[in-house]
Every structure is written in structure tokens, then in C-alpha cells.
Amino acid sequence: MDKILIPRGLQRTSFGNFLMWILPWTAMLAVGVYAIYLCLAEGLFHTNMDNRFAFGIWIFLDLTVIALGAGAFFTGFLLYILRRKELKAVINSAVVIGLICYSGAVLVLAVDVGQPMRAWFTFWHPNVHSMLTEVTFCLTCYLIVLLIEYIPIVLKNRQLRQIPKFLVFEFQLHKLMPVFAGIGTFLSFFHQGSLGGLFGVLRGRPFAFREELGIWPSTFFLFVISAAAAGPSFIMLTTWLVEKITRKQLVKPEVYKFLGKVSGTMLIAYVLLKSIDTLFWINSTSPGNGFPAFEFYATQSFGTWILFTEIVFFGLLPALVLLNSRLRENRKILLGAGFLVCSGIMLNRFVMTIQTLALPTLPFDDFLTYSPSWEEVATFLFVVAYGMLLYSLTYRYSVIFPQERELSQMNGELSQQEFADGGSRRPFWQPKFVTDLLNKFVSTKL
Amino acid sequence: METTADKKYKYGMVIDLDKCNGCGSCAVACAVENNVPPALEKMNKRNGLTWLNVSTVSSNEQFPKSESVFVPMFCQQCEKETPCMTVCPQNAVDVDPTTGIVGQIPQRCLGCRYCMTACPYHARYFNWWDPEWTEGMKQQLNPDVSPRMRGVVEKCNFCHGRLHAAKQKAASLGNREIDPLDYNPACVESCPNKAITFGDLNDGGTSVAQLAKSENTFRFLSRLGTEPKVYYHSEKKWVQEMAEKSMTRTHVANEPAKEEYHG
Numbered sequence: 001m002d003k004i005l006i007p008r009g010l011q012r013t014s015f016g017n018f019l020m021w022i023l024p025w026t027a028m029l030a031v032g033v034y035a036i037y038l039c040l041a042e043g044l045f046h047t048n049m050d051n052r053f054a055f056g057i058w059i060f061l062d063l064t065v066i067a068l069g070a071g072a073f074f075t076g077f078l079l080y081i082l083r084r085k086e087l088k089a090v091i092n093s094a095v096v097i098g099l100i101c102y103s104g105a106v107l108v109l110a111v112d113v114g115q116p117m118r119a120w121f122t123f124w125h126p127n128v129h130s131m132l133t134e135v136t137f138c139l140t141c142y143l144i145v146l147l148i149e150y151i152p153i154v155l156k157n158r159q160l161r162q163i164p165k166f167l168v169f170e171f172q173l174h175k176l177m178p179v180f181a182g183i184g185t186f187l188s189f190f191h192q193g194s195l196g197g198l199f200g201v202l203r204g205r206p207f208a209f210r211e212e213l214g215i216w217p218s219t220f221f222l223f224v225i226s227a228a229a230a231g232p233s234f235i236m237l238t239t240w241l242v243e244k245i246t247r248k249q250l251v252k253p254e255v256y257k258f259l260g261k262v263s264g265t266m267l268i269a270y271v272l273l274k275s276i277d278t279l280f281w282i283n284s285t286s287p288g289n290g291f292p293a294f295e296f297y298a299t300q301s302f303g304t305w306i307l308f309t310e311i312v313f314f315g316l317l318p319a320l321v322l323l324n325s326r327l328r329e330n331r332k333i334l335l336g337a338g339f340l341v342c343s344g345i346m347l348n349r350f351v352m353t354i355q356t357l358a359l360p361t362l363p364f365d366d367f368l369t370y371s372p373s374w375e376e377v378a379t380f381l382f383v384v385a386y387g388m389l390l391y392s393l394t395y396r397y398s399v400i401f402p403q404e405r406e407l408s409q410m411n412g413e414l415s416q417q418e419f420a421d422g423g424s425r426r427p428f429w430q431p432k433f434v435t436d437l438l439n440k441f442v443s444t445k446l
Numbered sequence: 001m002e003t004t005a006d007k008k009y010k011y012g013m014v015i016d017l018d019k020c021n022g023c024g025s026c027a028v029a030c031a032v033e034n035n036v037p038p039a040l041e042k043m044n045k046r047n048g049l050t051w052l053n054v055s056t057v058s059s060n061e062q063f064p065k066s067e068s069v070f071v072p073m074f075c076q077q078c079e080k081e082t083p084c085m086t087v088c089p090q091n092a093v094d095v096d097p098t099t100g101i102v103g104q105i106p107q108r109c110l111g112c113r114y115c116m117t118a119c120p121y122h123a124r125y126f127n128w129w130d131p132e133w134t135e136g137m138k139q140q141l142n143p144d145v146s147p148r149m150r151g152v153v154e155k156c157n158f159c160h161g162r163l164h165a166a167k168q169k170a171a172s173l174g175n176r177e178i179d180p181l182d183y184n185p186a187c188v189e190s191c192p193n194k195a196i197t198f199g200d201l202n203d204g205g206t207s208v209a210q211l212a213k214s215e216n217t218f219r220f221l222s223r224l225g226t227e228p229k230v231y232y233h234s235e236k237k238w239v240q241e242m243a244e245k246s247m248t249r250t251h252v253a254n255e256p257a258k259e260e261y262h263g
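Note that the protein sequences, when read in sequence, are chains A and B.
Using my numbering, you'd call the opening residue of the first sequence number 1 and step up by one each time.
Using my numbering, you'd call the opening residue of the second sequence number 1 and step up by one each time.
Chain A extracted, bound-state conformation (with noise of 0.2 Å):
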């Protein structure tokens, strides 16, 4: 029934298929509702946060999708300003993956906070010292950049495309791309750096306090280091997700690994500078402030490891895969050293929020332990689902991958019939009683 919104000469599973694709994740963004609605109404007493784990899976989350959203910023970067042509096939991708990132962050933050509807003191009263406020005003720039960005996506939809104004509003929108892709690259290395930052200036938690490179603690640098490393292994894995999905190949392989190339040559510069920074803090930061540092890694269950796991196993190991040609050919090692990637970032992250805020700071402290409330959970699943339905309606309805059209007749995936009915292949995850079953319940009813 949707087949006049489906871009010309592109694949998409039927109607009927779509809808119970996004069933799941349309009920999981339902639960996220209610448990947003408990957590606004009636206080943040539903999360198990509390007045000394002042931050939680909250904050720890939201940091890890803005490093993975880095892609946005990053690709952008490389392809508008350094010209590489390759990342064109993946750009609108990494658009729509970064407004999902920044928006579902935003959102969850707006939960997080105590009186969301004060939000706007920031901009009316900005403390100029403060890494927030940093955070504040370029998450809030690059969001409508972002928006901005996104806009000629949604045009190149079927129905759109036939007004003229928006042709030409698009065309004009392309031409103004790289003058966006500058002021997001500008606003994300600041926001990046500021989040990282965030823990750099406590000077109150010396697990978390580093030195000033200029005006800057050393983990400003760092975050976005890990983030433009992130980022486009983070394209690399959805594109990758996106094809497995779709039972389609939607980039040509060159674009994987030039992808993996980048991530690898940030990865490596990053684990360099990680390195140097962990031993001055070992040996200069932290015994300065009265803390030796083995001594945070003597409690309970955040010993060594944790330090060898993000900075060997998720840094070192698959910076050297990625950087080699050979290794990068095979794409499953390309994938896991991708994966491997993400998940040293989501552990960077968990390690600069909750570990340093389970560590004692005074002589009779002890250590905290701490789980998030379902109501958390809840409401952090209803950004997944948020992302996980634009996407799909933003596949669905336009064009995301530029190379898929081309790729569909080379790989002779669409027949003329397909090709005629806007396409209707059963998906990966359906059985095909199923997928019969709704077609003609689909072609009866609808």
C-alpha cells in the first residue's frame, strides 16, 4: 500500500513485512514512554542513581553513542573537506546513525536532569569555566546541523521529489554540504573533547583528574581521538547489520575497508596517547594529589585488567589489524576488529563514569557499587527503538545508500517484476509461511 512512497527501481520488503518488523520496536518504545512519563512526573527517584552515584547508565550511555555517532562528524569531515570520494556511499548513513545518536542522547539527558524545563539557564547563564556548558552549547549547535543535514535525505524521497521548490532546495543544500560539514566538524571537536573533559577538570577525583594541555585536561584530546576512531567502525558495523537485514549489498567492499583504514589510523594514534597520558598519571597526576594510582585498581572488581583490556585488547590489537591490507580483505576480521573498536570506547566510558564514581575519594569511604533501575533500562531501549525505526523509515522511504541501486541491477538481485512492484523479499529473520500469509492478508485488507 506504501509502494508510491518507495524510491524508483529500489528493493524494499512489502508492506505488510515492515510492519512487523517495526512492531517490536515500536512496543519497546512504548515501555521507554511510560517509564520516561514516571521518571518526569514523579521524580528521579525511579532510577537507582543516588547522592553519591550522581551519574549513572544514563550518562555512561549517552557518552557511548556520541563517540559511536562520531561517524557523522568525521565522515563528513574526510569527504567534504579532504575529498574522499569513497565515503560518499556511506555518508547519508552515517548522517541519519549521527542525528539518532545526538537526538537520543539530548532526549535521555533532558530525563536526566533534574528540571529539564530550565535547560535554557544554560544559555541565559553560562558559567564559561564549565566543560557543560561547552557540552551544552555545541551538542545543541550540532544537533540542528545535523538537522539540517538530514533534510536532503528525507527529500530524496519519491513523492518529494516531485515538487520542484524541494529539488531545488536540495540542490542548493548540497551545494551549501561542505560549509555544513566544516561547522560540524568544528562543533563536534569541541563537544567530543568537552565531554572528555567533563572528567579531565574533577579535580575532586583524582581517578578521573588528568593535567591541562593548554586550557584543556588531556582527556579533551583523547575523546576526540576515540571518537573519530569509533565513528567509522561504528558505519562499518550498521552498514554491515543494515546489509545482513536487508539480504542486500548496499556498499561496494572498498568502502569497508577504507573505513577500517581510517579507524585503524586513529585507533593507533589514539592508543599512543592513551599510553603516554595512563603513565604520567601514574607517575606525576595522581601521586601529586595525595592517590597512587595502583591503588584505585586494588578495589573490588576494577583491577588491571580493566586498564590492559582497553588499552591492548580493544586499542592496540585491532588498531594493528586494521591497519594491515591484508587482514583487511577478510571481512569478518575486518568486522570484529570494528567491534572491537566500539567496545573499547563503551568501556572507556564506563570507566571515566562509573568506575570513577564507585571509587572512594575520602579516607573512610568505601567503595560503591550501583544498577540501573528498569525505568532506566527502560528509557534508554526506547532510544534504541527511536534509532532503530527512523532508520528503517528512512531506508524504507529514501534513498540512504547511493550505491544500492547500482549494486541491485550488477548483482541482478531485482527482477522486472520486483522491480515493477517497488520490491517484496521476505526478510531474514521471518519464516516464509509468515511472509506469505502477510502479503495476502496485506493485498486482501489494505
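These are calculated hints, taken from the structure and not from any lab test.
Just so it is clear, CB atoms sit at the ideal spot from N, CA and C, and this is done for glycine as well.
Mixed in with the good hints there might be a few duds.
[Unchecked claim] Computed from the model, here is a short list of chain B residues facing chain A with C-beta under 7 Å:
no. : residue
1   : R46
2   : S55
3   : V57
4   : Y114
5   : W129
6   : V152
With the hints as your guide, set chain B onto chain A.
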């Protein structure tokens, strides 16, 4: 960032741990003075509101050598690089340059809790619940202090309501300066053992300034460089060593210390 460079007063405290018997009257007086709502049944020591929290710290030695001290912990009024003030995104934390008191502006607070993360003394509290008082208790609220709403952070401010009252009294008498006897935080007044001494640290003639400089007086986490204005005093060697030690060094040498809740 030096926050009290040009001020006239520098209010601070010295708490004699050898005199404190952990009765908790300071915590109760603080709550009553500052309209801190009573704890709800579902609250615990980690999510309740206790501007002043008394912890019990043990020497962890075998009986009969075993000893313990009670450590009242609240905002330490950091003077230098005040951790909570520098991180607040919307200037909801300020340091009064004329008194050195670190204040909180709940009406401007976003409730992001970044200041709580920044505070090494865990002296900041978030209103996870709506504040509730029974009808009778509402009649006893202090008219000089605004109750806070759900979703904002609050903390000790050396009883700013009392400071304002002292200033008003001085103005009504035609004086520009307050009488030191008119301004004492509630915890100082309520301590039955007179373990807390309060006053102007800049005035060398005051008891507090002399005690702060005396032998066996120390500050917690002094190596962080935030120059707190709350000092602690104890003649006991193990207490002084405990204050100097950082976290696990205490725990590695002895058994984990127990913390007691006086909410």
C-alpha cells in the same frame, strides 16, 4: 581561580574530633534550621537529604585498644578551584567574595548533578523526591530559608539565613559590620560538647583562626589543593594519619571502615 582573594571575611570552622561524641544534634539542628524535609520511609543513607552527615571511623584495632571517632562531614567550603563552582554550567553555585562562603542557588539549578560528581567530600544532596512536611511541621519551617523543590541540588551554606539576619540587625543598629556573636551556624550552637568553633579565619585574634593554625589540626584531602575552610582537630595519632591517607591505604592496612548514618 582564587575565589576569596579580595574578601573581607573568610568564614571557617574547626571541629575537635576528640570532643565529638557522635550525638548527631548538629545534624538535627542543621536540618531544622535549613528546612531540610524529614526522611521518607523509602529513603536510605545514599539518597536522603543530610547536609551534615556524621560518620563513625574506627581505628580497627583489637579490644581493648580499639578506638573510634565521629567525623561530621558537610560542605568544606573550598577556597581554591572550588570544584563544584567551576563545573556548574549555569552559575548556580557561587562563592561570596566578601565571606568566602560557597553558596547554592536552587532556583537556578538544572539538577544535572555535575557538582555532586565533582565534590570529593560527597557533601551535596539531590532532591530525588518532592519535599514533604506534615501539617504540624509546616508551622515550624524557618521563614528565613526557602525550601527547595524536587530535582535540584542543595548543601550546607554555613546557615546563610543567620548571616542575613545578623546583617539586618547590624543595619538596623546603624552598623556596617555584623557582631560576630550574632552569626553562628546552627550546628555550632547545638553541639553540647562545644566541639565546633566557627568564625573569621582572616582575623588572627579569633579562636577559630588560632585553632586552624594549631598543631594537630588538619583538613581532609588537603593534597587536592582546593583549600577547604573546614578544619578538623585531634590529638590522636591514628586519626591524623587516617586523614592524610587516601582511600585504600587505610583499607589495605586495616579492615574496611564502617560508616554510620545519622539522617
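Hints and how they fare:
1. For R46 of chain B, the suggested interface contact is upheld, since its CB lies about 4 Å from the closest CB of chain A, less than 7 Å.
2. Contact between S55 of chain B and chain A, as hinted, is supported at the beta carbon level, the nearest pair being about 6 Å apart and thus within 7 Å.
3. The interface hint given for V57 of chain B holds, since its Cβ lies 4 Å from the closest Cβ of chain A, which is under the 7 Å cut-off.
4. Residue-level restraint check for Y114 of chain B holds (minimum Cβ-Cβ distance to chain A is 5 Å; threshold 7 Å).
5. Annotation: interface hint on W129 of chain B holds; nearest CB of chain A at approximately 5 Å, less than 7 Å.
6. The interface hint given for V152 of chain B is met, as the beta carbon of that residue sits about 6 Å from the closest beta carbon of chain A, less than 7 Å.
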